[in-house]
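*Asks:* Take a look at the letters that make up each chain.
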Amino acid sequence: MLETAALPRKATLSPPLDTRYQVETPEGIDLPLRPAGLMVRALAFSIDLGLRGLILGLLFIVLAFLGKLGAGLGSILLFVVSWWYMVLFEVLNQGRSPGKQWMGLRVVQDDGTPIGWSASLLRNLLRFVDLLPFGYFLGAISCLQHPNFKRLGDLAAGTLVIYREQPLTRPQLPDAEPRRPSFALTLPEQRAILGFAERQGELSEARVTELASILAQPLKVSAPRAVAELNGIARGLLGPA
Amino acid sequence: MRLSDATVVIRPRTTWEAMDLGVLLSQRHRRLLMASWAIVTLPVFVLLTLLLWDSPSLAVFIFWWLKPAFERLPLYILSKAMFGETPTLKQALRQWPRLLKPQLLASLTWRRLSLSRSFLLPVVQLEGLNGLARQQRLQVLLQRDGGAARWLTIIGVHLESALWIGLMVLFYLLLPPQVELDWSWQTLLSAATQDWRWLEHLTNGFYVLVLVVWEPIYVACGFSLYLNRRTVLEAWDIELVFRRLRQRLSGTALTLLLAAFFLVPTGQNVWADEPVITPDSPRLLDQPLTSQASRDSIKAILDQPPFKNKETVTRYRFGEDKPSAETSDDGKAPEWLKALLKLLDNQRFGTLATLIEGVLWGAVIGGIGGLIWRYRAWLQAFVSRRPALKGKVARPLPQQAFGLDLNRETLPADIAASAESLWQSNPREALGLLYRALLSHLLHDYNMALKPADTEGQVLARVERLQRPALLAFSKNLTGHWQNMAYGHRLPPAHLQQELCDGWRSLFGPGAAH
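If you read the sequences in order, they're chains A and B.
When you line the first sequence up against UniProt numbering, it's residues 1 to 241, in that order.
When you line the second sequence up against UniProt numbering, it's residues 1 to 514, in that order.
So that you can see chain A by itself, here it is in the shape it has in the complex (with noise of 0.2 Å):
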């Protein structure tokens, strides 16, 4: 999962690019968070925002009827949603508001713990500073600018927005005899052999051939046959199902 390209001939002096944050643990293990960037932020937001806005509408239909009991209570009532959605649904649900768990993010803290009291409260303070002069104008160009995707407020309160990790489903490989390679393969070249078996549905038929006539010479195998060799060592890599 971690395997870095290898500096390419004409070698910049910057790192490629990614979209990945390295948290390192004391244990020395890295865990590769993926930032959230301001696109699919600004979705949920409006999920969220909408979700608030139904909320509120119906209880305020209801709370029409209780004449000045209503009134006070729809005040209560706006106060809590507007100011305490966001941080209860981040610190009692993991750090997922529901348009956040629509989305498929999360918000941690910096270092890959699950957020707090204290920063869920300071990142949800300073939405209003995020707000100004006018709907998320600062907040835009922060997540814009800022390498790990961070608002105003994500800075402040030391936290992230990253997509939560999917299940992982044991991945279905065309059937084939399992082999052994003849030479040692690196963890990123198994995994790409495990890749080309399990995303050779998606690719087209030329191209998987295209692909495996790279490594034909190697393998020693003519050309149509990488194929299968492919197959059948990505079979064997993967043990016994």
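Hints listed in this document are in silico derivations from the structure and should not be mistaken for laboratory results.
Glycine residues also receive a C-beta, built at the ideal position from the N, C-alpha and C atoms.
Do not rely on the hints blindly, as some may be mistaken.
Partial list, derived from the structure: chain A residues whose beta carbon lies under 10 Å from chain B [unchecked claim]:
id	residue
1	Leu38
2	Ser46
3	Gly50
4	Ile76
5	Tyr163
6	Gln166
7	Arg170
8	Arg199
9	Glu202
10	Val208
With a Cα cut of at most 25 Å, we get these calculated DSS-like pairs of lysine-lysine [claimed, not checked]:
id	chain 1	residue 1	chain 2	residue 2
11	B	Lys67	B	Lys90
12	A	Lys68	B	Lys342
13	B	Lys101	B	Lys67
14	A	Lys68	B	Lys476
15	B	Lys90	B	Lys101
16	B	Lys338	B	Lys308
Short derived list, chain B residues pointing at chain A, Cβ under 7 Å [as the list claims (entries may be wrong)]:
id	residue
17	Glu17
18	Leu21
19	Val23
20	Leu24
21	Ile155
22	Glu239
23	Phe242
24	Leu245
25	Phe349
26	Ala353
27	Leu355
28	Asp405
Use these hints to put chain B onto chain A, whose structure you have.
*Replies:* Relative to chain A, chain B alone:
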């Protein structure tokens, strides 16, 4: 195009992540992209403004309509920069007229309102396809990611307008108050009816500025979506690794042959068809305690209280009243509603509201009171007013130092004489008397702030501060000998008796006890 030269990490991403990569790409080249966009668009906008001075809306509309033509330049820069050949500003600008040629009419007319504009632009510009070939290509590309490309444009429209209005509000907020007095915002809104053309052109200018920031990002996002789609379609990431693998293997063909030779026998052992032993397979089968039994007992212990606490919670719930109320047929519903409304209009609810209000206010006041009580110590320490200095606190004079009684009344009238008479029989007491009398004098006559915890050295330091050389010399002498006597049990030399007593008399007078 050589994949190994790519300056981004090539791997299949989700569509949203692909857009994020576009944002990163535009960030890396932001200066070049924004400068080239500004250099191309600003003159066009100025020209349009001058030509259409009397119809500002038309000017900005034409400018907006021309956006696809401008978008070709950032795409060119990005496609070059993607493979490490970032052009300079001059090179890029020189390329622009050439970039405009292919299918400009189409992109400015019937394709202008396409929502997947930025996603499909590379097909025309980079692949150079048109006609049927282009149609087929679009069909393949749009099978997936088309939705995301449309969302990108929709979000872009909203973002553009938000940023545009934001700039206008910022402009209004930054107006000096004198100017603002004349221009209330209502008059600004109705500026169209007035003769304030320049103001409208100014707001158009804001839109152009917003595009300088946003449009390169939009193009970059579309480009990265396109790249991602092709990465998925053509497995670019796999090709990249395969090519590198072939290079590695062909470079080390000989060593590989040898390695393969040696690896084969060991490999066979690994691949022998043995039952796989995992931590979960049963072991220790011949022992009194098999692994299965131990696992079961571990599980049983883990299910017991310190590890797992089971709890049964019983609560009251509303009975089945509600369903019956809801199942009442439609004819009854209005009556039921009316009754409810009547009930709600009742005076009782008014009092209930007042009651709740009272309770809430009580909670607020109680909460504030509780907070103050909770932090009372902190408040006293940091918030309370600086306590007024009440003059010097009268500190009680110490009665003792080093176990010596400093009270005047306990001292004899003529100290020097009593010391002399004591010297023969008990030199320790004599020295002690002298030192005690010295301390008593310092305390009572010189008002020295002696504390019970002071050491002899500290007393000397205080004497030094009095700036009396004679007193200081005498005190030093006496203290030194007193310390030798008291702690070291060393008798002072005989001539010291006279010296100290004379010193005493010269300092404090013959009968000076007080």
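*Asks:* None of the hints should be skipped; say for each whether it holds.
*Replies:* Here's how the hints hold up against the structure:
A least Cβ separation of about 7 Å between Leu38(A) and chain B falls short of the 10 Å threshold, and the interface hint therefore holds. Look at Ser46(A): its Cβ gets to within about 9 Å of chain B, closer than 10 Å, so that hint holds up. Interface hint at Gly50(A): violated, since its Cβ lies 14 Å from the closest Cβ of chain B, which is beyond the 10 Å cut-off. Nearest Cβ of chain B to the Cβ of Ile76(A): about 8 Å, under the 10 Å cut. The hint holds.
Using the Cβ-Cβ criterion of 10 Å, the hint placing Tyr163(A) at the interface with chain B is satisfied: the shortest such distance is roughly 7 Å. For Gln166(A), the shortest C-beta to C-beta distance to chain B is roughly 9 Å, which falls under 10 Å, so the interface hint holds. Here the hint on Arg170(A) is broken, as its CB sits about 17 Å from the closest CB of chain B, past 10 Å. The criterion of a C-beta within 10 Å of any C-beta in chain B is met by Arg199(A), whose closest approach is roughly 6 Å, and the hint holds.
Proximity of Glu202(A) to chain B holds as hinted, the smallest CB-CB distance being about 7 Å (cut-off 10 Å). Interface hint status for Val208(A): upheld, as the beta-carbon distance to the closest one in chain B is roughly 8 Å, under 10 Å. At roughly 21 Å between alpha-carbon atoms, Lys67(B) and Lys90(B) fall within 25 Å of each other, so this suggested pair holds. Between the alpha carbons of Lys68(A) and Lys342(B) the distance comes to roughly 15 Å, so the proposed pair stays at or under 25 Å and holds.
The straight-line distance between the Cα atoms of Lys101(B) and Lys67(B) is roughly 15 Å, inside the 25 Å bound, and the hint therefore holds. For the proposed pair Lys68(A) and Lys476(B), the alpha carbon gap of about 88 Å is over 25 Å, so the pair is violated. Note on Lys90(B) and Lys101(B): the hinted pairing holds, with a Cα-Cα distance of about 19 Å set against a maximum of 25 Å. For the suggested pair Lys338(B) and Lys308(B), the alpha carbons sit about 52 Å apart, so the restraint of at most 25 Å is broken.
Here the hint on Glu17(B) is kept, as its CB sits about 5 Å from the closest CB of chain A, short of 7 Å. A distance limit of 7 Å between C-beta atoms decides the matter here; for Leu21(B) the minimum to chain A is near 5 Å, and the interface restraint holds. With 7 Å as the threshold, the beta carbon of Val23(B) comes within range of chain A, its nearest partner Cβ sitting at about 5 Å, so the hint holds. Interface hint status for Leu24(B): upheld, as the beta-carbon distance to the closest one in chain A is roughly 5 Å, under 7 Å.
With 7 Å as the threshold, the beta carbon of Ile155(B) comes within range of chain A, its nearest partner Cβ sitting at about 5 Å, so the hint holds. Nearest Cβ of chain A to the Cβ of Glu239(B): about 6 Å, under the 7 Å cut. The hint holds. Because the closest C-beta pair between Phe242(B) and chain A is about 4 Å apart, less than 7 Å, the hint holds. The interface hint given for Leu245(B) is met, as the beta carbon of that residue sits about 5 Å from the closest beta carbon of chain A, less than 7 Å.
A least Cβ separation of about 6 Å between Phe349(B) and chain A falls short of the 7 Å threshold, and the interface hint therefore holds. At a threshold of 7 Å, the smallest CB-CB gap from Ala353(B) to chain A is about 3 Å, leaving the interface hint in force. Given hint, Leu355(B) at the interface with chain A, is violated; its Cβ is 10 Å from that chain's nearest Cβ, farther than 7 Å. Because the smallest distance between the Cβ of Asp405(B) and any Cβ of chain A comes to about 61 Å, over 7 Å, the interface hint for this residue is violated.
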